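Be aware that the sequence shown starts at 67, since it is given in this note's numbering, and climbs by one per residue.
Bear in mind the hints are in silico, worked out from the structure with no lab data behind them. Every value quoted in this text rests on a predicted model; they were computed, and no experiment measured them. Beta carbons are placed, not taken as given, at the ideal position from N, Cα and C, and that holds for glycine. Incorrect hints may appear among the rest.
Stated by the list, open to error - Label pairs and their calculated CB-CB ranges: (1) His203 - Gly229: 14 to 20 angstroms; (2) Arg414 - Thr209: 14 to 20 angstroms; (3) Gly103 - Gln140: 34 to 40 angstroms; (4) Ala109 - Gln360: 18 to 24 angstroms; (5) Glu365 - Asp238: 22 to 28 angstroms; (6) Gln143 - Pro225: 49 to 55 angstroms; (7) Glu135 - Ser108: 36 to 42 angstroms; (8) His136 - Gln276: 50 to 56 angstroms; (9) Lys243 - Arg414: 35 to 41 angstroms; (10) His136 - Thr398: 35 to 41 angstroms.
Stated by the list, open to error - Calculated cross-link-like contacts (lysine to aspartate or glutamate; reagent style DMTMM-like; alpha-carbon spacing at most 25 angstroms): (11) Lys131 - Glu407; (12) Lys371 - Glu293; (13) Lys243 - Glu293.
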Amino acid sequence: MALAKGAATINADVVSAAFYLLSGWQEFFSVERDRHGRFPYSASVQQQYSFVALPVVNYYFDVLKTAVEHVSGQALQPRHWQGAAFASFITHDIDSLHGGWGTAIRRDLRHGKLFDAGRALLGKATGRPAPWNNLEHVQAETTRLGAPSTFFMLSSSQPAPNGTANADYKIDSSLLKRLRQLEANGAETASHGSYGTAADVTRLREEVGQYGSAGLAGNRFHYLCWEPRRTPGVVAAAGFRYDSTLGFAEHFGFRNSYCLPFYPFDFERAQAHSFLEIPLNVMDATLHHPNYLQLRPAEILPAIKPMFEEIERFGGVATVLWHNDHFDPANTTTGPHQFAEIMNDLRRRGAVFLTGRQIVAELCGR
67 MALAKGAATI
77 NADVVSAAFY
87 LLSGWQEFFS
97 VERDRHGRFP
107 YSASVQQQYS
117 FVALPVVNYY
127 FDVLKTAVEH
137 VSGQALQPRH
147 WQGAAFASFI
157 THDIDSLHGG
167 WGTAIRRDLR
177 HGKLFDAGRA
187 LLGKATGRPA
197 PWNNLEHVQA
207 ETTRLGAPST
217 FFMLSSSQPA
227 PNGTANADYK
237 IDSSLLKRLR
247 QLEANGAETA
257 SHGSYGTAAD
267 VTRLREEVGQ
277 YGSAGLAGNR
287 FHYLCWEPRR
297 TPGVVAAAGF
307 RYDSTLGFAE
317 HFGFRNSYCL
327 PFYPFDFERA
337 QAHSFLEIPL
347 NVMDATLHHP
357 NYLQLRPAEI
367 LPAIKPMFEE
377 IERFGGVATV
387 LWHNDHFDPA
397 NTTTGPHQFA
407 EIMNDLRRRG
417 AVFLTGRQIV
427 AELCGR
């Protein structure tokens, strides 16, 4: 960029480059899909040029900001989130409430705790709540660490036609009562659209209808399914105020190379969609799953800290997904200890912790 008195020359088309990344152009016009119908990280420019953990669009906009400030002679003030430099969105996809017995029994046997293993077996046989039936415990832990939780609840217990599992629980009156109590204590309930609903607005509406007249503000699709030619329209037609699906399952970082919420582009109408996308930055399974990064516990925080530094720099939102089953003490790889390390780093940086509804209210005033 060349600066002169009253003028600035940018020798690159940063607007087109920003639009290409932020709009998801590469996904919309690509035929590459994985077995879940998702645009794969391996086909992305982020992987090709190794910038997935860098919010390139924010840097492009920073160039424009510098030019505007120079020409106008006035500084553009950075966004603040309730007085904080950046925000964090702590979320939990609830895929299972009745699992975890096998994990607990194997852990006890591995440590020679035969009595505890027997007690777990008896608990399973007598119908005691499973180790992963832990919504209240998850909220207590996030509250202890200074954040409200947003619970993305799966509303279908029927497997998908291809056999992919959905929830192992049902949205019944007992569970709804628990969710209302969690909300009274500061949590948010959101939709975790079941496998297949990313292309089926009728099913998605039916699922959301199970929560009554209160309505749900946000959604994230199971398995992070997102078909760019259809899914944005489904989210908009279902009436959600925000979505938080757009992150790569295979790698932490910025799927659209941007660290702030944004309105997805509607390619058919050449305008913005009506809902806000709150990008997903890091998921527990990404960090250690055998198909993904396979980081050791001590490697997790050092790997993602530079990403948090970028979000802090640009006043963005750090969205963290930690499934409820990863709060099981038996998980020592991406478990409660690693979650606490991440939370403590975000707190040290001065993040304000908000629910999805609160983020929408901050940005949109509604």
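Holds or violated: 14 to 20 angstroms for the Cβ distance of Arg414 and Thr209? 18 angstroms, holds
Cβ distance range 50 to 56 angstroms for His136 and Gln276, holds or violated: 54 angstroms, holds
Taking 34 to 40 angstroms as the hint, is the beta-carbon distance of Gly103 and Gln140 inside that range? 47 angstroms, violated
Taking the Cβ atom of Ala109 and the Cβ atom of Gln360, is their distance within the range 18 to 24 angstroms? Check passed, 21 angstroms falls within 18 to 24 angstroms.
Would you mind confirming whether the straight-line C-alpha gap from Lys131 to Glu407 stays at or under 25 angstroms? 34 angstroms, violated
Hint check: Lys243 vs Glu293, CA-CA at most 25 angstroms. Holds or violated? Between Lys243 and Glu293 the Cα gap is close to 34 angstroms, so the pair fails against 25 angstroms, i.e. violated.
In this structure, is the beta-carbon distance linking Lys243 and Arg414 contained in 35 to 41 angstroms? 37 angstroms, holds
Falls inside 49 to 55 angstroms, the C-beta gap from Gln143 to Pro225? Given a distance of about 51 angstroms, which is inside 49 to 55 angstroms, the answer is holds.
Beta-carbon spacing of His203 to Gly229 - inside the hinted bounds 14 to 20 angstroms or not: 31 angstroms, violated
Check the following: the C-beta atoms of Glu365 and Asp238 are separated by a distance inside 22 to 28 angstroms. With Cβ atoms ~41 angstroms apart, the hint is violated.
Just tell me: holds or violated, for the beta carbon distance of Glu135 and Ser108 against 36 to 42 angstroms? Check passed, 39 angstroms falls within 36 to 42 angstroms.
Cβ distance range 35 to 41 angstroms for His136 and Thr398, holds or violated: 52 angstroms, violated
Hint violations for this structure: numbers 1, 3, 5, 10, 11, 12 and 13, all remaining hints satisfied.
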